[in-house]
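**Q** Please build the complete structure, drawing on both the sequences and the hints.
Numbering (my numbering), first residue to last: 1 to 184.
Keep in mind that the hints are not guaranteed to be accurate.
Stated by the list, open to error - Here are the simulated lysine-lysine pairs, BS3-like style, with alpha carbons at most 30 Å apart: (1) Lys101 - Lys131; (2) Lys86 - Lys101; (3) Lys131 - Lys86.
Derived by calculation from the structure, the hints in this document are not laboratory data.
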Amino acid sequence: MLNLLAVCFVLPLLLSSTSATDCECYRTSTGNYFTNYEFHDFRQQSGSLPPVPDLPDSLPRSGVNPNASDYSSDPKIGAFQDGFIKSDQFTNHWSIEDWGKDPTSDFPIRMQNSRSNVYLVSADSRNASSKLVMRTHRFDDFHSSAEMESIAQNILYASIRIHARVYGAAGAVADPIFQSAGCG
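**A** Quick look at the structure:
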């Protein structure tokens, strides 16, 4: 009986210590607490959007992990779109990846992520003025792809909602990937 009373007494103290006045916590409709909340909506970028970056049709000279000289000598391998994609509002939360993979016996075409493959375009919808595009294209000798990574790390639990549309040939696919530390 004493243990039950102690739990009933301590529990309200624990819950009150996680109130908004003591920390920056967010409470869900199920009563759980989260320490971070982010909402990313790429549908309402106002004004005219910068031109779409050229499709990267060549590979970095330095190999699968480009260096600064690759970008200065051939910006087509990875030019960021001007505007929102280069802004702190975007880069404080997202990193556009530019790593690649050499061909293997299982995957005989080299894959190279490019900064040029993530950009905003005008939307053809009455509910949105813009949309985020992650482009991919297969050339004869390599596959140019897109990948974004969250800047937030060490996420134990998350509630994620994604509204996306996939265009392309039969079999085209998009996939959010979640992995545990040490699985990279």
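**Q** Against each hint, give a clear statement of whether it holds in the structure.
**A** Hints and how they fare:
{"no.": "1", "hint": "Lys101 - Lys131", "verdict": "28 Å, holds"}
{"no.": "2", "hint": "Lys86 - Lys101", "verdict": "25 Å, holds"}
{"no.": "3", "hint": "Lys131 - Lys86", "verdict": "16 Å, holds"}
Comparing the model with each numbered hint stated earlier shows that all of them hold.
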